[in-house]
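A.B. asks: Please model the entire structure based on the sequences and the hints provided.
At position 227 of the sequence shown the residue is numbered 602 (the working numbering), and the sequence of numbers has no breaks.
Incorrect hints may have been included.
Here are the simulated lysine-lysine pairs, BS3-like style, with alpha carbons at most 27 angstroms apart [to be verified]:
#, residue 1, residue 2
1, K488, K633
2, K603, K464
3, K488, K543
4, K424, K464
5, K603, K452
6, K633, K464
7, K587, K535
8, K455, K603
9, K535, K424
10, K452, K464
11, K424, K633
12, K464, K535
13, K488, K464
14, K452, K633
Each pair of labels, with its calculated beta carbon distance range [as the list claims (entries may be wrong)]:
#, residue 1, residue 2, range
15, S389, R580, 47 to 53 angstroms
16, I583, I390, 26 to 32 angstroms
17, Y604, S426, 39 to 45 angstroms
18, L393, F512, 33 to 39 angstroms
19, I583, L630, 56 to 62 angstroms
20, G631, I508, 36 to 42 angstroms
21, N600, I428, 44 to 50 angstroms
22, T391, A608, 35 to 41 angstroms
23, R382, P410, 42 to 48 angstroms
24, G432, F512, 30 to 36 angstroms
25, V380, Y632, 40 to 46 angstroms
26, I492, L383, 39 to 45 angstroms
27, Y632, Y604, 36 to 42 angstroms
28, S447, V380, 15 to 21 angstroms
The hints are simulated quantities; they were obtained by calculation from the structure and are not laboratory data. Beta carbons are placed, not taken as given, at the ideal position from N, Cα and C, and that holds for glycine.
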Amino acid sequence: MTRFVHRLTISIYSITILTLFIILGFNGFSFYILPIEERFFHPLYSLLKPSGILGHGLGIIGTLLIIIGVFSYMARKRAKRFSRIGSMKYWLEFHIFLCALGPVLILYHTSFKFGGIVSVSFWSLIAVVVSGIAGRFIYLQIPHSIEGRILSLQEVLDMKEEMITAFKNNYNIDISDLNSLNFKLFETKINTKNFAKGEYQKVKRLIINQRKLVRRIDRLDQMQNVFKYWHVAHLPFALITLIIMIVHVVVVLALGYKWIF
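C.D. replies: Okay, here's the thing in C-alpha cells:
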C-alpha cells in the first residue's frame, strides 16, 4: 500500500508539472515564438511580459515555490522537532516537485528571453533541477529507515539476516545465497510449493525485495561515496541560484516594479 501511495504521489506531481507547462505554453505560444523586438505589438504583451501581471506573477510564485521546497526539506531533514512529521522519502518527493515546478513558472516569467547575470541564475537553476533528479536516484539506492535515516552497513546486514530467518521459518526456503544470477532458480522453487495464489504472490514479492537488498549491500559503499560527491555539484549551483535570485528581487524592487500590490 505504501509503495502504491508513493508511486501515485510521484505520478500526480509529474502530471501537474507537465500539465502546467503545456497549458502555459499553449496559451502563450504565439507570443513566445516572436522575436523580442516584435513582442510589444502582440495583444498578450502586457500580460505575458516579465513585468506583466501574469509574467511577473509567475516569477513571484515560482520563486516562492522554490524557497518553500528548499527550506521545508532542510527543516524536516535537520531540525529534530520536525523529525517525526512524515516519511523522509515523501518530503524528498515534495522538495523535488516544488523545485521542479518553480523553475517551470520562472521559465515562463522570463518569456524564454534572458541574458546577463539572470542567465547565469537560470542555467544554475536548471543544473540544480537536473542534479536534484540524479540525487534522488542515488538517494533511493541507499537503504533507509522508515523515518528516512540512512542505514549503516551493519543495520542492512541485520535486515538481510532477519529476512533469511523469516523465510526459513515461515516457508522453509533458503535464500541465503540469493542473487540476480540465480533468481530464476528460486522462482522455480517457490513455484513447486503448494501456496495459495495470494500467498505465492506475497512470497515472490518478498524474494524480489530480498534480491534488491542484496544488490544494495553490494554497492552500498559506492553509492554512499557517490552521494557525498553529488553534494559537491548540487549545493554550489543551488547557492549561486539563491544569491542571484535575491539580487534580482532586490534590484526589481529598487527600480519600483510592483505586482498587484
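A.B. asks: Let me make sure I understand: some of the numbered hints might not hold for this structure. Which ones are they, in numerical order?
C.D. replies: Hints 3, 4, 6, 9, 13, 14, 15, 18 and 22 not satisfied by this model.
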